[in-house]
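Just so you know, the sequences run in chain order A and B. For reference, each letter of the first sequence is one residue, going 1 to 1242 in full-length UniProt numbering. For reference, each letter of the second sequence is one residue, going 1 to 193 in full-length UniProt numbering.
Rather than coming from a laboratory, the hints here were simulated on the basis of the structure. Among these hints, one or two may not hold up.
As the list claims (entries may be wrong) - Quick list of simulated restraints, FRET-style, between CB atoms:
(1) B:Ala143 <-> A:Asp50: 26 to 32 Å
(2) B:Ala143 <-> A:Ser1052: 50 to 56 Å
(3) B:Asn10 <-> A:Asn51: 37 to 43 Å
(4) A:Lys29 <-> B:His22: 28 to 34 Å
(5) B:Ala152 <-> A:His103: 45 to 51 Å
(6) B:Glu95 <-> A:Pro253: 38 to 44 Å
(7) A:Lys44 <-> B:Asp26: 50 to 56 Å
(8) A:His28 <-> B:His37: 43 to 49 Å
(9) B:Asp26 <-> A:Glu313: 40 to 46 Å
(10) B:Asn10 <-> A:His805: 51 to 57 Å
(11) A:Ile810 <-> B:His37: 38 to 44 Å
(12) B:His22 <-> A:Pro123: 17 to 23 Å
(13) B:Ala143 <-> A:Asp1155: 51 to 57 Å
A virtual CB, placed ideally from N, CA and C, is assigned to each residue, including glycine.
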Amino acid sequence: MALKIVKGSIDRMFDKNLQDLVRGIRNHKEDEAKYISTCIDEIKQELKQDNIAVKANAVCKLTYLQMLGYDVSWAAFNIVEVMSSSKFTYKRIGYLAASQCFHESTDVIMLTTNQIRKDLSSPNQYDTGVALTGLSCFVTPDLARDLANDIMTLMSHTKPYIRKKAVLIMYKVFLKYPESLRPAFPRLKEKLEDPDPGVQSAAVNVICELARRNPKNYLSLAPLFFKLMTSSTNNWVLIKIIKLFGALTPLEPRLGKKLIEPLTNLIHSTSAMSLLYECVNTVIAVLISLSSGMPNHSASIQLCVQKLRILIEDSDQNLKYLGLLAMSKILKTHPKSVQSHKDLILQCLDDKDESIRLRALDLLYGMVSKKNLMEIVKKLMLHVDKAEGTTYRDELLTKIIDICSQSNYQYITNFEWYISILVELTRLEGTRHGHLIASQMLDVAIRVKAIRAFAVAQMATLLDNAHLLTGNTQRNGICEVLYAAAWICGEFSEHLEEPMATLEAMLRPKVATLPGHIQAVYVQNAAKLFATVLRGQEGAPADSTVAQETSQLLIDRLPLFVQSSNLEVQERASCILQLVKYIQKLQQKDVEVAEEVTALFAGELNPVAPKAQKKVPVPEGLDLDVWINEPPSGSESEDEGRKSKGKAVFAKDESRHTKPRYTEVDEKELAKRREVRKAEQANNPFYIKASPSSQKVYQDGVGVEHIPVVQIDLSVPLKVPGMPMSDQYVKLEEERRERNKADKKKKKDKKKREKGEKGRRRRGDSGPESEEDITPAHMVDIVTEEMPENALPSDDDDKDPNDPHKALNIDLDKPLADSEKKLPVRSHRPDEVLKSPMEDRQVVEVVPEPKKKTGKEKKEKKDRKKSKEKKKKHKQEEEEDLMGAGSEEPVQPEETKEVAAPPPASTPEASDLDFWLSNAPVPSNPQAAAAPASTPRTASGMAAVAPDSEPEEAKDTEPEETKSSTHKKKKQKKEKKKKKHHHNHSDGAGDESVQNGTVEEEEPLPPMSNYALLAENSYIKMVCDIQGNLQDGSQVVVSVIFENKCDSFIKSMEFNVLDSLNSKLQRPDGAGPHDGLIVPFQLPPGISNEARFIFSVQNIVMPQKLKGTLTFIVKTDDSSTHEKLDFKLHFTCTSYLITTPCYSDAYSKLLESGDLKGCSLKLEGVNQPFHHLLARICFHHHFSVVERIDSCASMYSRSIQGHHMCLLVKTADQTVSIDAKCDEPGLLGNVLDEIKLTFSQC
Amino acid sequence: MIKAILIFNNHGKPRLSKFYEHYSEDTEQQIIRETFHLVSKRDENVCNFLEGGMLIGGSENKLIYRHYATLYFVFCVDSSESELGILGLIQVFVETLDKCFENVCELDLIFHVDKVHNILAEMVMGGMVLETNMNEIITQVDAQNKMEKSEAGIAGAPARAVSAVKNMNLPEMPRNINIGDISIKVPNLPSFK
């Protein structure tokens, strides 16, 4: 056999392996492609062989070729074959290949499901690991759905190596199969506290990734993360958590307040730059989320800015970069703190590193003021000239425009200067942003009336020199500015000094080489200019031949456009051509036409906000989806055709001026649009501001020599030789300001008036005080963009509907519906239903587990209790739980333990986020908060394990015990108290009935509580609940809620009980038998909190009373007094019973066995519905209903020491008879007595 | 999330490419070329972060890279990753390679790209950081290699012999294209546990 293997491998040892392939490729540098194609042929041959080793070798080579860019998808099936090899060596090769080249549309993926499942459950951890790694790369929705359960099981694998991989891959599963998120989340959350740091880090990773996309669903985890943050030492984890908090704080400012101090401490203490940087980042996020007016946070801002300055000044470019990045975040809310570092940032602008320059540019955006805008822009313009590489130059260009146009041109004092800057920018060669400049020109010209004359003059110059911009090509997007120039000249032609010259310039044959949409604007505006020219000529009654010459010019030039291949141009040109011909005829008859021609273009323009259209509210009663007329029945397609035709016609007319979405209007929308337009009193298509997005960037064409504008001989600003014209404005501006300053002293009151005139925009002006002194050079009226009345305030058009994370926006706090409790179980899996009580025991241990684990689920129970269609659901749930338990129980023994004795650090009160957050004061330092968390409390020594929820120290990130959430509510604000009280009591009932499964809710149950008053005085009230410990047959857990009733502070509470022979209070190791237990919290006025104490009992047959004392200190402002309160703890026999479900066949076997002794009880005059009665027994006495038939029910319970107890309850005419059987008659008798007592009380 | 991990040499030849999102082979090559183009024109002493890769994810993503002698290690990450953390991770990766290949050089990566993938798989899984502790990574990699060896057993011997012979025929297999000084330290790296 061995020989055969050796022989086989000798056969193939001359096959090419990966190394040979690589070597071969390196030796065939000249004809690499040819060599590889022969290799691929060889590989194809190898793949045809049966030997898996040969195949694996071939696949290994394919993986390499894939990296070089060769498509290897044809070998997908062979890859699957290699994946399914039983040898790890080959399997790994197969999975690697699959992870490199499989994707969602690889069809053989569906063949892998079972193979992967097999590998996942392989006894060899590395098989599992390799499968998980591979799967993480190519998981599809189908795979995710089919394997989610298997992976979830792996999350509780015994090997941390598997656990961490399983946890991590869950994120991918969630993405592909969002339905799995809710069922899997509780377990994922558990993994945050996994003992293995790797697993913990993986869980943090996944939750952070989830929370980043949908932060609000993860707010409730904040306390848990807070605790991790204060306790973890793993920087990687810390960074993730701190980043996560950065995402959470905007949603919950109170969280921010809580974070500031520990983060500040970390900033001071950590030596790791990465951690420091993330802390600073999150502090910034916190500060942004808080209202900025809080004075005590200025220290934090200062700290951040100061730390960032250190980073920026560091010689390490990385730190410099990050420092600038973070600085830009501060800038948004606290510009002043950043502005003081302007020197540093301007310095960074000269850095040799482009990344750093770009970051510095970002910062500049927020640093400008009226005072320094010109200076900064001047500096940027210098950079534009120097910049190599179009990306950086384009970036500079957009930044200049951003900086100038920000907040509605707030910082521009001189618009002539700005127009000059824009004109200068048109000199940029090869920029992609021509349309940006164009839209700025349009915007300024339309909205700043005072600037129009100047703008028109500049634009006319541009038009005249259009050839300089475009040369003989359309290579760059810069010719877009001609679009703006032509339109401005046409629309505001009354400001033109020489309209005739401009008209001539617009009709040059060269224009025909421009992109179509620009030509169209040329043609249209030529007509406007023509109107202006006519009017000018007729006003000065020279001879009419001049006017006719003008017409002739148009008639000569327009045919060029009529021949245009662009429909738009053609249509307009022919239209105008005919019009001009007609005008010419009239002119020849000496008819005055100017007025009528001008009327064609009459009307004032108002700028409309880009989003105005979208914000028009839908009038009430208007349903746009409803047919106006009955839809034509038969000829659907014809109708479509007709409609789209209409659409097309419309689109031709309007597409250039309106946003693309308008092209898809139907008649109704059209009508609506018309209305809107009417309201805007304009019929000119240019009415709507040209939007950059609707304009294409034209790239066709070739390069052109670049001619600087300086050579242009015209127009004042351009004339200054050797000096860019905008510089002139800088100088002028300085002089002007000097003058103004002098003036100002005299006419302070005049200034006020001026400001009033400045228009609406200026009112909101919030620049620094010194800036108030700078008056704009022109009286500018910046017209605000029009919005429809009642514009809808918000629009969420920014969201990408295709974002896969959208599907993960799932409310995780909402209770799991029963149907979601488990991931869909594959139908071919045998349903493992457990039948005997012995097996039940195992089941029971699991059933309550998820309920008690998380605060979230506790909540869920409450909510479920409220729902009315219960019965079926409960049954179903129970079954599902059982099924789940059957398959999952074996791998999670630790969790079972936690049911009875949750480790102290297990469940912080996530559900009570409000409470956690409302405890305003922040821990004095992270250690303080961390300390209690790390106090060792083992399960056996947890005599005094209790949540520390002292508001003063915010220790409430602390463990909460199983049921405490119900009582937590109490601790909340007083005004809510009453309601909550009711709520939490009935909650308990809900819990029970859920487990019992068969309680019908014909009528709502009255609220029930197991908490009985223990003792009370004027200071404090104690209520308690006593429960058997499921895990340990000799333990009873007493949960005591302490409520502070007075107005003073209660502290140093000590709980002590006089032990009896049978029952002993469990005290920590080393404590004497008479020592009291310190209650681990203090109580401010009106607050209540719960502590739990564990008692060991030996004999459970008899009820028992224990005497105890609570001592405490009442602290008022001026004094403190020692007080004490005596109480009697009553251990009823009921408290030794544990709700245990039982199946009817197991139940009947139990009764048949004959081991049980009987006893019976009759209750007279019970006046309540049967289901209430059952619910009471279930709730107060820890029974579960096995079966119910009409007015007869069998019930079951078990004691902590394993005694079975069976009840048969019948009711007739207000008489209830209970037949009971138990293997311990003494216990049974006592329990029956207690049941009797319960009903006599109600 | 890490979107992609690329290793290429000073001439832009890919030595390892791992994409955590699917792209066609052609796009992958374009991305590699573009990334190389962006990264290679940068000076040695500029920062290790770079925006502007158009192909992967666009503006939300960042390239974080380190240059070791002949090789560029580039991680393309989104905003959820800490920049300095990833720099540290690259360092851990290279140091791990150095341990696993005993003084790693570019040739190791050229001829054993599969092994590099296996090491990487222990650090990053599906785009998320799995392990940052070098010892843990090496332990797992070694355990798997051991398993591989035991599986090869007797049958593996001749193949290894042949491979040795093949290598003997290659005098031009120098080990001098060293990855260089991998002890470049990022200042104040997080202490990875």
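We went through each hint and held it up to the structure:
For the pair Ala143 (chain B) and Asp50 (chain A), the beta carbons lie near 30 Å from each other, so the given range of 26 to 32 Å is met. Checked against the hint of 50 to 56 Å, the pair Ala143 (chain B) and Ser1052 (chain A) passes, with Cβ atoms roughly 55 Å apart. Under the hint 37 to 43 Å, the C-beta atoms of Asn10 (chain B) and Asn51 (chain A), about 40 Å apart, fit the expected range. For Lys29 (chain A) paired with His22 (chain B), a C-beta distance near 31 Å keeps the hint of 28 to 34 Å intact.
Ala152 (chain B) and His103 (chain A) have their C-beta atoms about 31 Å apart, which leaves the hinted 45 to 51 Å range violated. Distance hint check: the CB atoms of Glu95 (chain B) and Pro253 (chain A) are about 43 Å apart, consistent with the given range 38 to 44 Å. Range check, Lys44 (chain A) to Asp26 (chain B): Cβ separation about 21 Å, and the 50 to 56 Å hint is violated. Taken as a hint, the range 43 to 49 Å is violated for the pair His28 (chain A) and His37 (chain B), whose Cβ atoms sit roughly 26 Å apart.
Separation of Asp26 (chain B) from Glu313 (chain A) is about 45 Å and conforms to the stated range, judged on CB atoms against 40 to 46 Å. A C-beta distance of roughly 38 Å is found between Asn10 (chain B) and His805 (chain A), which places it outside the suggested range of 51 to 57 Å. Look at Ile810 (chain A) against His37 (chain B): about 41 Å separates their beta carbons, and that is inside 38 to 44 Å. Evaluation of the 17 to 23 Å hint for His22 (chain B) and Pro123 (chain A) yields a failure: the beta carbon distance comes to about 32 Å.
Take Ala143 (chain B) and Asp1155 (chain A): their Cβ atoms lie about 53 Å apart, and the range 51 to 57 Å holds.
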